[in-house]
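**Student:** Listed here are the chains, written in short residue letters.
Protein chains: 2
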Amino acid sequence: MKLYETLAADIASQIAQGVIREGEKIPSVRQTSQHHNLSVSTVIRAFLLLESQGVIESRPQSGYFVRRKPAVQACAGDAAAAPPCAVDLARGATLDASQFVLTTLRSINQGSVPLGSPYPDPASFPWTRLNQYANSMARRAGQLGMTADLPPGNPELIRQIARRHLENGLAVDAGEIIVTTGATEALNLCLQAVAPPGSAIAVETPTYYALLQAIERMRMRVVEIDTDPVHGINLEALERAIVEQGVAACMVMPNFQNPLGFQMSDERKRAMVDLLARHAVPVIENDVYHELYYGDVHPTALKNYDTRGLVLHCNSFSKTLSPANRIGWALPGRYRAQVEKLKFLNTLNTPALPQLAIAEYLKNDGYDYHLRKLRKAYAQNASIMAAAVRRFFPGGTQVTTPMGGYLLWVSLPRGVQALELYARAQERGISVGAGNIFATDDAYQHCIRLNYSYPWSAEVEAAVRTLGLLAGELLANCAPRQKAHL
Amino acid sequence: MKLYETLAADIASQIAQGVIREGEKIPSVRQTSQHHNLSVSTVIRAFLLLESQGVIESRPQSGYFVRRKPAVQACAGDAAAAPPCAVDLARGATLDASQFVLTTLRSINQGSVPLGSPYPDPASFPWTRLNQYANSMARRAGQLGMTADLPPGNPELIRQIARRHLENGLAVDAGEIIVTTGATEALNLCLQAVAPPGSAIAVETPTYYALLQAIERMRMRVVEIDTDPVHGINLEALERAIVEQGVAACMVMPNFQNPLGFQMSDERKRAMVDLLARHAVPVIENDVYHELYYGDVHPTALKNYDTRGLVLHCNSFSKTLSPANRIGWALPGRYRAQVEKLKFLNTLNTPALPQLAIAEYLKNDGYDYHLRKLRKAYAQNASIMAAAVRRFFPGGTQVTTPMGGYLLWVSLPRGVQALELYARAQERGISVGAGNIFATDDAYQHCIRLNYSYPWSAEVEAAVRTLGLLAGELLANCAPRQKAHL
Chain A
1 MKLYETLAAD
11 IASQIAQGVI
21 REGEKIPSVR
31 QTSQHHNLSV
41 STVIRAFLLL
51 ESQGVIESRP
61 QSGYFVRRKP
71 AVQACAGDAA
81 AAPPCAVDLA
91 RGATLDASQF
101 VLTTLRSINQ
111 GSVPLGSPYP
121 DPASFPWTRL
131 NQYANSMARR
141 AGQLGMTADL
151 PPGNPELIRQ
161 IARRHLENGL
171 AVDAGEIIVT
181 TGATEALNLC
191 LQAVAPPGSA
201 IAVETPTYYA
211 LLQAIERMRM
221 RVVEIDTDPV
231 HGINLEALER
241 AIVEQGVAAC
251 MVMPNFQNPL
261 GFQMSDERKR
271 AMVDLLARHA
281 VPVIENDVYH
291 ELYYGDVHPT
301 ALKNYDTRGL
311 VLHCNSFSKT
321 LSPANRIGWA
331 LPGRYRAQVE
341 KLKFLNTLNT
351 PALPQLAIAE
361 YLKNDGYDYH
371 LRKLRKAYAQ
381 NASIMAAAVR
391 RFFPGGTQVT
401 TPMGGYLLWV
411 SLPRGVQALE
421 LYARAQERGI
431 SVGAGNIFAT
441 DDAYQHCIRL
451 NYSYPWSAEV
461 EAAVRTLGLL
471 AGELLANCAP
481 RQKAHL
Chain B
487 MKLYETLAAD
497 IASQIAQGVI
507 REGEKIPSVR
517 QTSQHHNLSV
527 STVIRAFLLL
537 ESQGVIESRP
547 QSGYFVRRKP
557 AVQACAGDAA
567 AAPPCAVDLA
577 RGATLDASQF
587 VLTTLRSINQ
597 GSVPLGSPYP
607 DPASFPWTRL
617 NQYANSMARR
627 AGQLGMTADL
637 PPGNPELIRQ
647 IARRHLENGL
657 AVDAGEIIVT
667 TGATEALNLC
677 LQAVAPPGSA
687 IAVETPTYYA
697 LLQAIERMRM
707 RVVEIDTDPV
717 HGINLEALER
727 AIVEQGVAAC
737 MVMPNFQNPL
747 GFQMSDERKR
757 AMVDLLARHA
767 VPVIENDVYH
777 ELYYGDVHPT
787 ALKNYDTRGL
797 VLHCNSFSKT
807 LSPANRIGWA
817 LPGRYRAQVE
827 KLKFLNTLNT
837 PALPQLAIAE
847 YLKNDGYDYH
857 LRKLRKAYAQ
867 NASIMAAAVR
877 RFFPGGTQVT
887 TPMGGYLLWV
897 SLPRGVQALE
907 LYARAQERGI
917 SVGAGNIFAT
927 DDAYQHCIRL
937 NYSYPWSAEV
947 EAAVRTLGLL
957 AGELLANCAP
967 RQKAHL
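Order-wise, the sequence lines are chains A and B. Once you know that position 341 of the first sequence is 341 in the working numbering, the rest is easy, because the numbers rise by one and skip nothing. Count along the second sequence starting at 1, add 486, and that's the number in the working numbering.
Check before you lean on any hint, since a few could be wrong.
Taking CB as the label site, the calculated pair distances span [stated by the list, open to error]:
hint, chain 1, residue 1, chain 2, residue 2, range
1, B, F551, A, I384, 54 to 64 Å
2, B, P941, A, A174, 28 to 38 Å
3, B, E722, A, K363, 39 to 49 Å
4, A, R268, B, T492, 15 to 25 Å
5, A, R140, B, D496, 30 to 40 Å
6, B, P513, A, R140, 50 to 60 Å
Derived by calculation from the structure, the hints in this document are not laboratory data. Each residue gets a CB set at the ideal place from its N, CA and C atoms; glycine is no exception.
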């Protein structure tokens, strides 16, 4: 049993004995760390484990509390004879990544400076117009019933998506499009369509955590491929993995990758599609930031170079027209029939009103104007945020140069634990994305991801400065210990 | 190769050779049947196979057409070296059930008399008020962003669901509720939470086809348990299956089961929960018709008798407030943490606006009045429809006596093929649910399911009469052949 597991068991036992009761606050990370003489990192891992077991719950800026329980008991906390849970999505032995991501997301809307958010600033969405369209469609759609929105989705929305792709230089057959509940559903369905459980799936590293979780959920195996923060995935390494490890499919993000922000060149995109075609390996392309480019022209997708139907393109309106609508889509190539069936089985159809509202928005003018504003603002913020990090963070810190999107990847000097920085920042009302969730191992435990979609302000600048100071403190604390171990 | 597979290959080859070209209509079921001297049933199976391969597509009341294809090719139709599709949801060797269900559903909204629909009459929903609430919430919710609706879901909607359960006699902890994209998502997530691939899952027979498809999709094994059309699942048979076949979980519908319409007694519900608890087997309860009872009181759920957190209750507003909203929920008992994680991985969150609109609708008065109207209408229609079937269908036909919901199960004399009846009825603009999709084998190939949620009218009555006449013809045709085989 690891240290953090022992600590978690101790705390659970205290709760079971009534030492700490339902609804009561448990001692803070810092108190527990001092009391047990354990590192903050160990305590945080113990707390996250207890949270994923349903024993405690976090309340942002308040700490952790013993969860109130009904007659029902959490799976992991129940010692009596009971069937095991089929799903345990804990990554490795150190962090329940999906629980941690959910905890991070929940902390965002509670008054903290949301540097850890994966979502764009909600104020950036054209709410007024979208709501006008939702209103007018709600009146008209009353008697539509259900069947008009059956998979593949609302026909008018599908037409608008095809038109938009064409304007962006990708001629797609509207008959290939399948509307989904956000890109998340599209990615899950495409993955299940292309590979059976047990398959090896290649991803960039670092990569968007939801891909890692989707692969684990499908009981497949993650193969992380070396990825350059400027040029993208290493194609030689990818080919080796295909040949040597029998990779069955890839999941990548060639444009404005989350978290690195690079844009693969057209040559490298074409080379990647050719390479995969030679080996008959399908690739799931996540292109949700495609409209948020900083260059002069819309980027191509892997799909542009696909002649064999092996590229499954996943996309959504979540980054430009609000994630709350949950409208995404897939262009699944030769896997279309399978993905459509899986969509039908997974959620039947996609809610009607958001589909209709977005279709109506796209039909009318304004999307391009809206996007031009976003691109300009995000490109500016990217430079300002990177400059602030360089100014406030300890020497040796590296930042990416995103070519689109709104996410900055910050690599701190090794020894700084992002989880500790996360916890200390939380105490000060600042959220950050800890690098730990972007890989299956500890490769990025010294990295953080920052969101720069919010207007630059004194408050945001102060938050970045605070983060830099905290990082400096952590570095100072850990440096001697690190050296002692040498 | 079976007859229908040979026929499908012949037709595919004609299309490949350009004998029939893209967008062109292929010869009708009847023409093909006569030309090849094959039964209508064989031809239909060949067409359904080709449809699931993406080679042809059906256009209701027009027939089958060669599908237009982009550069992209359908998986099954591609002979070149290409990775296999991971998912092939064809049931047995005779029918791609999920494709057939989708085809049936698509045919509903196209002017046919929708006796095959699983959905309630769209005119039965309180559209005007729901839309008013959607409108007012759309204006207010503008700046909400995304995080308020993260799993477990919108807090106000969760409060309203908990309140409604309490009014219906089930005290639930609001903290247990997880909002989902319809009950479909809830059922899928609960199934994945309780059992790993390869597990044996017990279901009633006949059962709601989506359960069979969910089990297949998760690579689990269906174990069909004898089910009485009045009393429900046979508990002795269920216990035997648990002991002898190692059943890992159950998926059942104790109230107004789809398709049989029975309501299990309180005693049998309690006995079932006790039985499962003794064997520590979790049960996923699908209770989507719970508000549509014909008796004096709201029925109990298995969840009412659960003391060990082994009942995963799935529900939705799709039957009472429109499926187009896609708002369902789960009460996953001890599996709550797992189901919440899976929800997060599957679709992130549930769309905000439908959640807000339904929460607002529930907060204000009118739901009970709306439900009283529905219950009265459905109870009346149940009697009228059953009487019409008895009057118009051939002797030996049996009908159920539903105790809630809006679905009637009709068992025709053996020898009548429901798929043939389906095809002939389609030609006359009438949709029916073919019994074949409610089991993994041919046990119900002589049964059909009829929807009686639509107001009784001369048109509906004429449709039932036509069905009865067609059934009589099929019986007359098949009877001699059946005898010849004896």
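**Student:** Per the hint of 54 to 64 Å, is the separation of the Cβ atoms of F551 (chain B) and I384 (chain A) within bounds?
**Tutor:** 56 Å, holds
**Student:** If I claimed the Cβ atoms of R140 (chain A) and D496 (chain B) lie 30 to 40 Å apart, would that claim hold in this structure?
**Tutor:** Because 46 Å falls outside the window, the suggested range is violated.
**Student:** May I ask you to test the hint 15 to 25 Å on the CB atoms belonging to R268 (chain A) and T492 (chain B)?
**Tutor:** 47 Å, violated
**Student:** Holds or violated: the 39 to 49 Å window for the beta-carbon distance between E722 (chain B) and K363 (chain A)?
**Tutor:** 60 Å, violated
**Student:** Starting from the hint 28 to 38 Å, judge whether the C-beta atoms of P941 (chain B) and A174 (chain A) obey it.
**Tutor:** 36 Å, holds
**Student:** Taking 50 to 60 Å as the stated bounds, is the beta-carbon spacing between P513 (chain B) and R140 (chain A) within them?
**Tutor:** 39 Å, violated
Violated hints for the displayed structure, listed by number in ascending order: 3, 4, 5, 6.
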